[in-house]
Every structure is written in C-alpha cells, then in structure tokens.
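Q: Given next are the chains, with one letter for each unit.
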Amino acid sequence: MTDPFNCMPKICEGGVFAILTFLIQYRQMETITLESQLFQYLITGVTVGSTYAIVAIGFNIIYGVTEIINFAQGEFVMLGGLIMVSFHVALGLPLILAFLATVTLVTLVGMLLDRLAIRPIRRPSVLTLIIATIAASIIIKGAAMLIWGKDFFDLPAFSGRNPITVLGAVIQPQYLWVIGFLIIIVVILTIFFNKTIIGKAMSACADNADAASLAGINVKRMILLSFALSAGIGAVAGITVTPISLMEYDRGAMLAVKGFGAAVLGGLGSFPGAVIGGLIIGTIESFGTGLIHSGYKDAFALIVLMVVLFIKPSGLLGSVEISKFKRF
Amino acid sequence: MLSIEGLSASYDSIRVLKDVSIQVPRGKMVSIIGANGAGKSTLLKSISGLMKINKGRILYKEQNIAGLPAYRIVGLGISQVPEGRQLFAHLTVRDNIHLGAYHYYKKRNRPEIKERIDKVYQMFPILEKRSKQIAGTLSGGEQQMLAIARALMARPELLLLDEPSMGIAPLIVREIFDVIQQLNKSGTTVLLVEQNAKTALKVAHHSYVLENGKIVLEGLASELLDNPKVKEVYLGG
Ligand SMILES: Nc1ncnc2c1ncn2[C@@H]1O[C@H](COP(=O)(O)OP(=O)(O)OP(=O)(O)O)[C@@H](O)[C@H]1O
Ligand SMILES: [Mg+2]
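Quick mapping for you: the protein sequence lines, in order, are chains A and B. All residue numbers for the first sequence refer to my numbering, where the first residue is 1 and numbers rise by one. All residue numbers for the second sequence refer to my numbering, where the first residue is 329 and numbers rise by one.
Bound conformation, chain A alone (with noise of 0.2 Å):
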C-alpha cells in the first residue's frame, strides 16, 4: 500500500530514538553539561513514561472492573494515533474537531471489543477473556496495517516544534502536552472514581458482581464503560505522543506491554501506581537509552520490574491485603 500522507523518512525506532537524533545534532551547536544532559533525559523519561502511564490507567480501569487484563489496551493508543493522523493531516480537520472525532471513534472501538470478543464469552474465567484480548489485538493491528500500511506516520505538534531550553535541557512543547494531558487525565478519573456514584459502582462491581446487580448495578453495562473509558484515554495518548515519537501500525503490542509493566510495578489496580510505575519506567528507559545503549531500551524496563516484583510481588503501592483478593 502507498503511503497517502507523505510522511517523514522512516526511522526504525520510536520515540526515544527521534529524540536522541535530535539530541545529537544539538549537541553540534553548543556544548552541554553533564547536568544538563542528565536533566534531558529525566524529561525526555518522563514525556515516554507519561504515556505508559496512561496506558497503565487504561489496564487499571479494567482490571478494576472485571479482573481481566486488556492486552489490546496498547492498540487503542496506536488507533489513537493514525486515526489523528488520517483525520487531522489527510483530511484536514482542525486539531480540536479532530481530537474529540479521533477520540470518538477510538472509544467506539473499545465499546465493540467488549460486545464482540468479551461479553459473547458464555461461561468467562478471567484467563480465556485475557485470551480474547490478545486474539483482539492481533485483529486490530491486522486491520491497522491494512488501512494504513506499514509506514510510520507524523502529526504536527499541537504548538510548533520550536524547543523551550530549560536548565539547558532540551523541551519540546508537545512533551507538555504529553504530561499535561496525563495530568487531566489523573485529575478526572480521581473524581470520577472518588467522587461519583457511577465511578463507585464501577469498583463495587469488581468487589463483588453479584452484590452489584442486587443493589441495581447493571454489571455488563459498567464493563462496557470500563472499556469505553480505556479505549478513549488510550486515544489521547496516541494523539498527543505521535508527534513525539511517530505512530505506526505495529507499536500497540510493546506499548502493552510497558503499560502493562507499569501497572504491575505500581500495583495492579491502584491509580496512583500506574502513574508511578509509567513515570519510573519511562524514566529508567530513557536513562539506560542515554548512558548505556539503545539497543536495550526495551530491556531495562521489564529488568527493574522483574526485580520490583521479585522483592515486593504486590508492586510499590498495591497493598498485600488488596492482591490476596485477587483471583489471577
């Protein structure tokens, strides 16, 4: 398939490459402290972790429904990101329009995985519903390839690509975007989950299903929500890194599984953790890329994990107490 958009050059790797690369030819104009290399790569980590950290939440707000880890939850952020490309660059729409269309659409996405590979499920344990997640996401990577090709896409930054210099560190204004946008993001579900009925018997749903439906909750309907919600902040996510690190039709499996790490690291379940968990992954990644070697970008994240969960199973902030109730 042609390319119709004609994107950027084709790099090999993501983000964190594009940022370097840019690094490089940086470094070529002035000459940059240890510090102020040290703090690049703290910003750089955390514009990456933001991301993961979203894609944390999107497990969360699933896992804390139904117990099922949605391993398609990578694929709504790469969704996110094309269909923004397709409406925003190939189309024309203005940024606004075409963030709350993209948005739409992506949430849609999500609302149909739950009608066509979860709920059809007649008698569901945790694992076989996993599984049906995995086989939905080779799915949509399937069609994304078909619909767009193999080729990476790029989006104008929200505000110009003109770098803000900070402590001599290097900030794009899209990686304000990025975190600011987590920060919303955090900043909304703590109400909605906290404050609101229906975000209370969301949780009241994972706590005990049947109890739910005693009191009025129509389960199936906030499992529906649950996917709804983590299709359309996994849309944001895409939207607001593709002009960071590009998007392309195969990212949302490694962005799984860094989300996936994140929320496991921070403690299945706990919203603050994911946040965490995707910060210090992010920010691990982005230093071990810088000081030791890209080729193990994606190694030095699933190292710290393995060692965080060897110490302390239940991640930083899940409680013993919590993961005891666990059933997977």
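Don't read these hints as lab results, they were simulated from the structure. Check before you lean on any hint, since a few could be wrong.
[Said to hold, decoys possible] Using C-beta positions, here's what the derived DEER-type ranges look like:
| # | chain 1 | residue 1 | chain 2 | residue 2 | range |
| --- | --- | --- | --- | --- | --- |
| 1 | A | 33 | B | 457 | 54 to 62 Å |
| 2 | A | 191 | B | 548 | 51 to 59 Å |
| 3 | A | 180 | B | 387 | 54 to 62 Å |
[As the list claims (entries may be wrong)] In silico DSS-like links for lysine-lysine, alpha-carbon gap of 30 Å or less:
| # | chain 1 | residue 1 | chain 2 | residue 2 |
| --- | --- | --- | --- | --- |
| 4 | A | 220 | B | 442 |
| 5 | A | 220 | B | 383 |
| 6 | B | 380 | B | 356 |
| 7 | B | 457 | A | 195 |
| 8 | A | 195 | B | 435 |
| 9 | B | 447 | B | 434 |
| 10 | B | 442 | A | 195 |
| 11 | A | 220 | B | 389 |
| 12 | B | 435 | A | 220 |
| 13 | B | 447 | A | 195 |
Note that the Cβ used here is the ideal one computed from N, Cα and C, for glycine as well.
With the hints as your guide, set chain B with the ligands onto chain A.
A: Then chain B with the ligands, alone, in the frame of chain A:
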C-alpha cells in the same frame, strides 16, 4: 405479595429446587428452614434474579418476575441480603450504604436518600461511627448490619434475608432480629432463610421446611415449633 409456583432450578444438570411453591403474604414474615445444601440460598437467588430458573413462576404483585435480571428486580422493591454478607469490601461503609440506593440515585431523590441513610444509622448506630471505615475491616456482626443497611437503602417492600445470624454472637443476633421484627411491624414483608431453626420459627408468622430441594412441611411457625418431626430434626430433640 409473593407467590412462587412450581419452581425448579439447577446448577449444570444437578437439580437443586424441585417444584417448590411458597406464599409470602404482604406484611408478614415468612421463614424457610432446612439443613445445609437443602437449596435455601438457591431459592432466594431465584427470587432476586441471581439464579436462572428452569421452570415455574415467581409472581410478585401479580407480575411474573422470573427471568428478569437482578438489577431490574431490585427496582421493583425486592431486596436481598445475601448469605455471607457480600459487601463491597474495599469501599467504605458509607459508600456501601450509598450504593444500596443505586437504582434510584438521582438528584431529585436526594432528600429521600438522605432520610433513609439517617434511618439506617438510627437502626444501627455503630455504622454511623464507622462510616469512613473500609467495609472489609468491620467485625462479622457489623458486616451483617451493613449488609442489611445496604439492602434497606434500596427501599424494599419485600426483604429477603439469607442466614443473618450466621457466625454472629447471640447478643448481636438478638439486636439484628429486633431490627428485623421492627421493620416487619412497620410494613416491610420479610422472607427469612435460617439454619438456626429456633430463631426462625420464633420470629416468623409462617414457615416452610425445605429438604433436598423440596418443601416437606409448612404451617404456622408456632405450630411447627411443636411439631415432633421438626423438634427432632431441626431443634435438637
Ligand atoms: N454455584 C454452584 N454451582 C454448583 N452447585 C451449587 C452452586 N451453589 C450451590 N450449589 C449446590 O446446590 C445445593 C443447594 O445449595 P444452597 O446454597 O442453595 O443450599 P443452602 O440450603 O443455602 O445451604 P446452606 O445452609 O449451607 O447455606 C448444594 O448441594 C450446593 O452444593
Ligand atoms: Mg445458603
């Protein structure tokens, strides 16, 4: 108010309820006694919609509610206190109570909900003291009170109670049954399932004995208390 006709239900292919028929007149307290595994909980779950039934009719206010999902049935005025409390263990006491009112939790019902919360706190003052505590950390007796309070928040006309005395000290059992009897006196119809036959027969007007999924005996609770067979099997001679 509730009339069950020829109810059969099974798990997989094992039939647990066989042609069960019972009547629960409005305003009365009816109890069902039976040994472990007799099918008491299954019967209550069939009424509340948690259990799919195979055959029979469940008439509530002349409407057949068999086959309706549980979250709809509670909206009709039937509220179940499940066996083993089944609280939302990670949520606070207050959240559990609020969620009890979920099916009519709308802005315009706020005053009513507030009023009901005050009422259940009056019935179980300890819950108000513990309102911010996580439900899973309550004592057994407190958990049972919370389970009842949550069910009452749904504004039931028919309350289904599944072994409210299980694992609770006698003093607290008495306190809980006092509340149940008061509720009944003030108009709530009650269907009570108990293994503790003595209590169940003392508080109820009418009783049924369930054995292996079949009703084998029924009558005024006071008569069953004197029935030699009931005495031998359920009241320890
Ligand atoms: N989910 C289930 N799957 C399969 N069989 C079940 C299930 N729940 C209950 N049963 C079986 O159905 C029968 C009746 O169970 P039920 O819970 O209704 O008994 P019960 O009278 O409430 O007993 P208890 O006094 O111990 O609570 C039992 O033989 C039980 O093993
Ligand atoms: Mg039982």
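Q: Going straight from one Cα to the other, do residue 220/A and residue 442/B come out at no more than 30 Å?
A: Satisfied, since the Cα-Cα distance of roughly 28 Å is no more than 30 Å.
Q: For residue 220/A and residue 383/B, compute the direct alpha-carbon distance and say whether it is at most 30 Å.
A: At roughly 25 Å apart (the allowed maximum being 30 Å), residue 383/B and residue 220/A satisfy the hint.
Q: Holds or violated: residue 220/A with residue 389/B, Cα cutoff 30 Å?
A: Status holds; Cα separation ~27 Å.
Q: So if I understand the rule, the pair passes when the alpha-carbon distance is 30 Å or less; does residue 447/B with residue 195/A pass?
A: holds, 23 Å
Q: Does residue 457/B pair with residue 195/A here, judged by a C-alpha cut-off of 30 Å?
A: The given pair, whose Cα atoms are some 21 Å apart, holds under the 30 Å limit.
Q: Has the given pair, residue 435/B with residue 220/A, been kept, meaning a C-alpha gap of at most 30 Å?
A: It holds: about 24 Å lies between the C-alpha atoms, which stays within 30 Å.
Q: For the pair supplied as a hint, residue 442/B and residue 195/A, is the alpha-carbon distance within the 30 Å limit?
A: Since the Cα atoms of residue 442/B and residue 195/A sit roughly 16 Å apart, the hinted pair holds (cutoff 30 Å).
Q: Can the suggested window of 51 to 59 Å be confirmed for the beta-carbon pair residue 191/A and residue 548/B?
A: At roughly 55 Å between Cβ atoms, residue 548/B and residue 191/A fall inside 51 to 59 Å, so the hint holds.
Q: Within 30 Å, alpha carbon to alpha carbon, are residue 380/B and residue 356/B?
A: Holds, at roughly 26 Å.
Q: Can you let me know if the beta-carbon spacing of residue 180/A and residue 387/B is within 54 to 62 Å?
A: holds, 58 Å
Q: CA of residue 195/A to CA of residue 435/B, is that 30 Å or under?
A: The given pair, whose Cα atoms are some 14 Å apart, holds under the 30 Å limit.
Q: Hinted pair, alpha-carbon criterion (30 Å max): residue 447/B, residue 434/B. Please report holds or violated.
A: The hint holds at about 19 Å.
Checked against the numbered hints given earlier, this structure breaks none of them.
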